[in-house]
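Trainee: Could you build the full structure based on these sequences and the hints that come with them?
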Amino acid sequence: MVTSSSVPRLVIAAPSSRSGKTTVATGLMAAFAARGLAVSPHKVGPDYIDPGYHALATGRVGRNLDAYLCGPELVGPLFRHGARGCDLAVVEGVMGMYDGAAGEGELASTAHVAKLLRAPVVLVVDAASQSRSVAALVHGFVSWDPEVRVGGVILNKVASDRHEELLREALEQVGVPVLGVLRRAPQVDTPSRHLGLVPVAERRAEAVEAVAAMAAQVAEGCDLEALLGLARSAGALSCAAWDAAEAVSPPTHHPTRSQEGTKPRVAVAGGSAFTFSYAEHAELLAAAGAEVVPFDPLRDEELPEGTSGLVIGGGFPEVYAAELSANEPLRKSVAALADSGAPLAAECAGLLYLCRELDGQPMCGVLDAGARMTDRLTLGYRDAVAVGDSVLAAAGTRMRGHEFHRTAVEPGSGTDPAWGVRTPRRVEGFVQRGVHASYLHTHWASRPGVARRFVERCRTS
Numbered sequence: 003m004v005t006s007s008s009v010p011r012l013v014i015a016a017p018s019s020r021s022g023k024t025t026v027a028t029g030l031m032a033a034f035a036a037r038g039l040a041v042s043p044h045k046v047g048p049d050y051i052d053p054g055y056h057a058l059a060t061g062r063v064g065r066n067l068d069a070y071l072c073g074p075e076l077v078g079p080l081f082r083h084g085a086r087g088c089d090l091a092v093v094e095g096v097m098g099m100y101d102g103a104a105g106e107g108e109l110a111s112t113a114h115v116a117k118l119l120r121a122p123v124v125l126v127v128d129a130a131s132q133s134r135s136v137a138a139l140v141h142g143f144v145s146w147d148p149e150v151r152v153g154g155v156i157l158n159k160v161a162s163d164r165h166e167e168l169l170r171e172a173l174e175q176v177g178v179p180v181l182g183v184l185r186r187a188p189q190v191d192t193p194s195r196h197l198g199l200v201p202v203a204e205r206r207a208e209a210v211e212a213v214a215a216m217a218a219q220v221a222e223g224c225d226l227e228a229l230l231g232l233a234r235s236a237g238a239l240s241c242a243a244w245d246a247a248e249a250v251s252p253p254t255h256h257p258t259r260s261q262e263g264t265k266p267r268v269a270v271a272g273g274s275a276f277t278f279s280y281a282e283h284a285e286l287l288a289a290a291g292a293e294v295v296p297f298d299p300l301r302d303e304e305l306p307e308g309t310s311g312l313v314i315g316g317g318f319p320e321v322y323a324a325e326l327s328a329n330e331p332l333r334k335s336v337a338a339l340a341d342s343g344a345p346l347a348a349e350c351a352g353l354l355y356l357c358r359e360l361d362g363q364p365m366c367g368v369l370d371a372g373a374r375m376t377d378r379l380t381l382g383y384r385d386a387v388a389v390g391d392s393v394l395a396a397a398g399t400r401m402r403g404h405e406f407h408r409t410a411v412e413p414g415s416g417t418d419p420a421w422g423v424r425t426p427r428r429v430e431g432f433v434q435r436g437v438h439a440s441y442l443h444t445h446w447a448s449r450p451g452v453a454r455r456f457v458e459r460c461r462t463s
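Numbering-wise, the sequence shown is residues 3 to 463 according to our numbering.
Take these hints with a grain of salt, some might be off.
Claimed, not checked - Okay, the calculated beta carbon distance ranges per label pair:
no., residue 1, residue 2, range
1, P296, D163, 48 to 54 Å
2, Q363, D341, 18 to 24 Å
3, A161, V387, 48 to 54 Å
4, A328, R206, 21 to 27 Å
5, T380, A228, 39 to 45 Å
6, S8, P296, 31 to 37 Å
7, E75, G308, 35 to 41 Å
8, L226, R164, 23 to 29 Å
9, G308, S235, 50 to 56 Å
10, D361, A247, 38 to 44 Å
11, P296, G107, 37 to 43 Å
12, K265, G87, 34 to 40 Å
No lab work stands behind these hints: they were computed from the structure. Remember, predicted model here, so these are calculated numbers, not experimental data. The beta-carbon is built from N, C-alpha and C at its ideal position, and this holds for glycine as well.
Mentor: Given below as structure tokens:
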């Protein structure tokens, strides 16, 4: 049933990356949650790390809104699914406000998602090393697309009272209210490495302290009442909330009695080494009839008892190569499951873990391939088509993905490619018996049949 939704919501945007979006968005989430509000956290784009900090701030699962991976038509439904029962939603943007998928216009930009959500935007501006020029910058972002409603500005990295005074005087000419002023505060900084921030799972105690510092800074420097009032001015969304059970079941599907009584056990890798996963994947697997069981490849020496399928998402196995390699009993358990023909789906870090070795450290050896760290960053959205049949997709299935890694895999023999990628044109990934392994991060909500097909293969393998 399609109903309208008026969950109060804000989109936190910026002129460019490193302006302070994560600090402001996470701090707002935590500050409003401390007031007793149920806050729904969201992130524009394919980022897996920021949602971990959002989850700490709100106590709710951080969810992504990606108009490229899922299509614009799913942004509203997925938002409503995540924001169900909440008092407020805060959406952290990506890159600069108008930056989206390369060569695709506004697609998947923060501005695009704000328009799809009919949500007001708060622009976070790094004010260091400027004063009156801030007015020209804000004016340009406000006037570039009249359909994007910039409801206010939060000034970040303000040096002094005098600096703040000059900035406010300049912005009076633009007519955009200043909703917050944040001074330089190194205690809210979070450590980074080769693919961005360090995930929460690797530094939980420090991350809790950082989120608390963000909340304190934002609560002190921002007008929370004005921001809440702006959030309440968001337009109604006339779309149905996304539902995993509805998505995964085609209209003509009638499960047999044996299928209704069978719940194959699907093990899903987690822990510090495998932190990259969209919440909707587990929801789709469960809706398709699986029992989803998490496990930690750094700690667990065996797969969960009765495992009939395995999903290994992304993360940082290169950081934990020695520890993963040292867990030989689990590596053998994974290899034995693959040898049995059971379905295995692996993305990026999962692909590396299934290789013969990673930077000289023995891995599971499911694939006759070696992996290594490089100095080259591979990054970007990808259009892909399934080259042949696999446990995830029938040949010809089109899917969109995202690559983000600094590793390379040198394939051996005995496998077929998983995807044909349009730009740059190449084949990618591995299909071998029940194994589907690829560098592409995909969002199964865009193709829920992937989860249904995987679970069906788990029942019959």
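Trainee: Find the hints from earlier in the document that the structure breaks and name them by number, from lowest to highest.
Mentor: Checked against the structure, the only hint that fails is number 12, while the rest are satisfied.
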